[in-house]
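Peer 1: These are the residues of each chain, in order.
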Amino acid sequence: MSEAIVGRRSFLKALAAGVSATLGLRLVARASASETGESSPHRWGMVIDQTKCIGCGYCTLACRATNDVSPDISWNRVIEAGNYGGEPVYLPRPCMHCEHAPCVEVCPVQATYHRPDGIVMMDYDRCIGCRYCEVACPYGARAFNWEAFDGPNPEVPRWGEPEVDRRPRGVVEKCTFCYQRIDRGLELGLHPGRDPQATPACVVVCPTKARVFGDLNDPESEVSQLLRRYPAYRLREDLGTGPQVYYLPTRKEEVAG
Amino acid sequence: MRAWGRKVKLNIFHVWVTGLAAVMLAGAVAGVVVFTRGLVVTNLTDLVPWGLWITIDLSAIAMSAGAFLLCAAVYLLDLKRYQPIARTATFIGLIGYSMAVLTLLLDIGRPDRFWHPMVFWNPHSVLWEITMCVTLYLTVLTLESAPILGSAAWFQGRWPRVATTLQNIHQYAPYLAIAGLGLSLLHQSSLGAAYGVLKARPIWYRPDLSVLFIVSAMAGGPALTVLSSMLAGRLSTRVHINDALLEKVSGLIGWVLMGYLYLRFWDALSMTYTYSPGRTEGLRLLTQGPLSFNFWVGEIILGIIVPMIVLLRPSLRRVPVLRMIALLMIIGGVAAYRWDTNLAGQLIVLTYLPQEIVARYTDYVPSLIETLAGAGVIAYGLMAFTLGARYLNVVDHQEVLEAHALPQLATSAAD
Chain A
1 MSEAIVGRRS FLKALAAGVS ATLGLRLVAR ASASETGESS PHRWGMVIDQ TKCIGCGYCT
61 LACRATNDVS PDISWNRVIE AGNYGGEPVY LPRPCMHCEH APCVEVCPVQ ATYHRPDGIV
121 MMDYDRCIGC RYCEVACPYG ARAFNWEAFD GPNPEVPRWG EPEVDRRPRG VVEKCTFCYQ
181 RIDRGLELGL HPGRDPQATP ACVVVCPTKA RVFGDLNDPE SEVSQLLRRY PAYRLREDLG
241 TGPQVYYLPT RKEEVAG
Chain B
258 MRAWGRKVKL NIFHVWVTGL AAVMLAGAVA GVVVFTRGLV VTNLTDLVPW GLWITIDLSA
318 IAMSAGAFLL CAAVYLLDLK RYQPIARTAT FIGLIGYSMA VLTLLLDIGR PDRFWHPMVF
378 WNPHSVLWEI TMCVTLYLTV LTLESAPILG SAAWFQGRWP RVATTLQNIH QYAPYLAIAG
438 LGLSLLHQSS LGAAYGVLKA RPIWYRPDLS VLFIVSAMAG GPALTVLSSM LAGRLSTRVH
498 INDALLEKVS GLIGWVLMGY LYLRFWDALS MTYTYSPGRT EGLRLLTQGP LSFNFWVGEI
558 ILGIIVPMIV LLRPSLRRVP VLRMIALLMI IGGVAAYRWD TNLAGQLIVL TYLPQEIVAR
618 YTDYVPSLIE TLAGAGVIAY GLMAFTLGAR YLNVVDHQEV LEAHALPQLA TSAAD
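Line by line, the protein sequences are chains A and B. According to the numbering used here, the residues represented by the first sequence are 1 to 257, in order. According to the numbering used here, the residues represented by the second sequence are 258 to 672, in order.
Hint data in this document are derived by calculation from the structure and do not stem from the laboratory. Please read these numbers as outputs of a predicted model, since none were measured by experiment. One or more hints might be untrue.
A short list of chain B residues far from chain A (calculated; beta carbon distances all over 10 Å) [claimed, not checked]: (1) Thr-275; (2) Ala-278; (3) Leu-384; (4) Gly-414; (5) Trp-416; (6) Thr-421; (7) Asp-465; (8) Leu-518; (9) Ser-572; (10) Leu-610; (11) Tyr-618.
Distance ranges between label pairs, derived from CB positions [said to hold, decoys possible]: (12) A:Glu-99 x B:Asp-335: 49 to 57 Å; (13) B:Arg-541 x A:Glu-87: 33 to 41 Å; (14) A:Gly-242 x B:Asn-300: 55 to 63 Å; (15) B:Arg-647 x A:Glu-99: 57 to 65 Å; (16) A:Glu-220 x B:Arg-617: 57 to 65 Å.
The C-beta atom is built at its ideal place from N, Cα and C for all residues, glycine as well.
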């Protein structure tokens, strides 16, 4: 019986140890957050004007070439979403780069994380391929490399040249807002969203200028101006994910014009 | 039968072990195919990224729950007479957790990075916490099982000093039981929470899942422990079981089932009020759609109600065959629950289009390679238990009880 009492006492001790360990973890998490949390003046976002999108799918192809994506995978998908005034309406869907990204929260190894400028990034060297992020993403924006992508990329060179490494088999990949173009552009003193070399490939290739990219923190950027001028919506706002991709719904006057 | 000039008597043990070895071999071949060709050999897709292997993983963990429950009963509640069953349960837990590790290695895209969660922490992730629990509890189970190996006669004969060291670990049993209780409660519930925290999947997004996972495991785990003990007792002359004790545990499992049924009822009923996109379709999929047979027959009628009646009525549960069938049904029901839960959230694909939150349906049937690899893991579990029962005395209910009284007397006294 005395053994049982010791047992209970030890249990309480263990419980206390557990609680303090949890608190310790929170501190560790906070410390690491502030370590990497050097702030950025930018918050990158995209505005997609559905009045202008004609569903050509060039964005998907330019993305595949620039980011060396397999033909089986679309980082950026164009979906037919009903019709307006007899005309089909399209909805291009990149990664939403959510402010409160479910994928970032569930990843067991922090292989997917927020950059200070809001881009949701993947660390392909860290990803273990558990696919929890895929299950958690409400937008179907993530794709798993079920097999290795070998051989030539059919979209190269017609739609662009690869700018990033091809991902290995067994990891999850997704749209990065062409971070490589943004980073290199900023180094060269360019203006992402205005200068094509510093702007995501899907935006540059769009023949109707339906996609606009820019800094949501800059009130003078085109994205900020558009969002001031037109009513916009985001996908599944009810989930509280806070997407950084905004859509301008189809407007009558421009369809007629 | 004659072989190598010697008379060999083929018995059920040889046939069983040979059959299991064959399935294990097929599973190993399938595993090699998975590791060389990648997960493209499965029928998993970006819409249904988790399938059969996750179900086996979740079920193996649930079936291991006998270990922490019985160890807590013996070492924390001081119910010493259950000690021999705790020993069996611990061994089964060790097997179950190692099965889970095997299926996880198959399932992750980069098995070479299995150690990443140990180094790259994301304390926000339920899956990170699950990985830590698996690792820590596997360590606890190994320590708890060490005395089993240390007390095997053939091991003592060969390595007497190692055997003594291993046996000495037993003095830490109460501490290990505390660690096991904490880790298991956390881990079993977290497996449900891994689904339950996902807002993108409305049929999963509810706090009940973590509760239902732990409670169903509290029925399934001991059920497997009791069933394997009874089967071993019938099939082997080397195994000694104390049926009165097993019957008592079975009665308790019946009560757990009643609590589980109660929770399942309110959980399901609460989802039937008003239309909720995705959730309502998910519930329909379970109760009227392609998963409805699994749900009603596998999970509810044969998985809970029938075995609950058998195990709660002393006249029925005293009949060993009836009790064994009831226990088998519970195990099937818990596995069916894991399978259905995993699929119900994924077969419904909720669109993200504006003003059109429509659910679409997809499907999933495991591929041959997935099935073979999964069968191989299960065969490994059965083989490990069989060998444990034969060479490590994991089912031996006489050992400790002899100190108190003769097992047969104890049986009649308990009646």
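Peer 1: Look at the Cβ atoms of Glu-99 of chain A and Asp-335 of chain B and judge whether their distance stays inside 49 to 57 Å.
Peer 2: holds, 53 Å
Peer 1: Far enough from chain A: is every CB of that chain over 10 Å from the CB of Thr-275 of chain B?
Peer 2: holds, 35 Å
Peer 1: Just double-check Leu-610 of chain B for me: nearest Cβ-Cβ distance to chain A has to come out over 10 Å.
Peer 2: Violated, since 5 Å does not exceed 10 Å.
Peer 1: The output says Ala-278 of chain B does not contact chain A. Does that hold with a beta carbon cutoff of 10 Å?
Peer 2: It holds; Ala-278 of chain B is separated from chain A by about 30 Å at its closest Cβ, greater than 10 Å.
Peer 1: Check the non-interface label on Thr-421 of chain B: least C-beta distance to chain A beyond 10 Å or not.
Peer 2: Holds, because the least Cβ-Cβ distance between Thr-421 of chain B and chain A comes to about 22 Å, which exceeds 10 Å.
Peer 1: Is it true that the C-beta distance of Arg-647 of chain B to Glu-99 of chain A lies inside 57 to 65 Å, as the hint says?
Peer 2: 59 Å Cβ-Cβ, so the 57 to 65 Å window holds.
Peer 1: Hey, does Tyr-618 of chain B actually stay past 10 Å from chain A on C-beta?
Peer 2: Per Cβ check, Tyr-618 of chain B is outside 10 Å of chain A; nearest 15 Å; holds.
Peer 1: For Leu-384 of chain B, is the shortest beta carbon distance to chain A beyond 10 Å?
Peer 2: The claim is violated: Leu-384 of chain B sits with its nearest Cβ about 4 Å from chain A, within 10 Å.
Peer 1: For Ser-572 of chain B, which was marked as not at the interface, is the minimum beta-carbon distance to chain A over 10 Å?
Peer 2: Given that every Cβ of chain A is farther than 10 Å from that of Ser-572 of chain B, nearest at about 34 Å, it holds.
Peer 1: Range first: 33 to 41 Å. Now tell me if the beta carbons of Arg-541 of chain B and Glu-87 of chain A are that far apart.
Peer 2: holds, 34 Å
Peer 1: Determine whether the non-interface label on Asp-465 of chain B survives the test: each CB of chain A must be over 10 Å from its CB.
Peer 2: holds, 19 Å
Peer 1: Minimum Cβ separation between Trp-416 of chain B and chain A greater than 10 Å?
Peer 2: holds, 29 Å
Figure legend: structure checked against the earlier numbered hints; hints not met, in rising order: 3, 10, 14 and 16.
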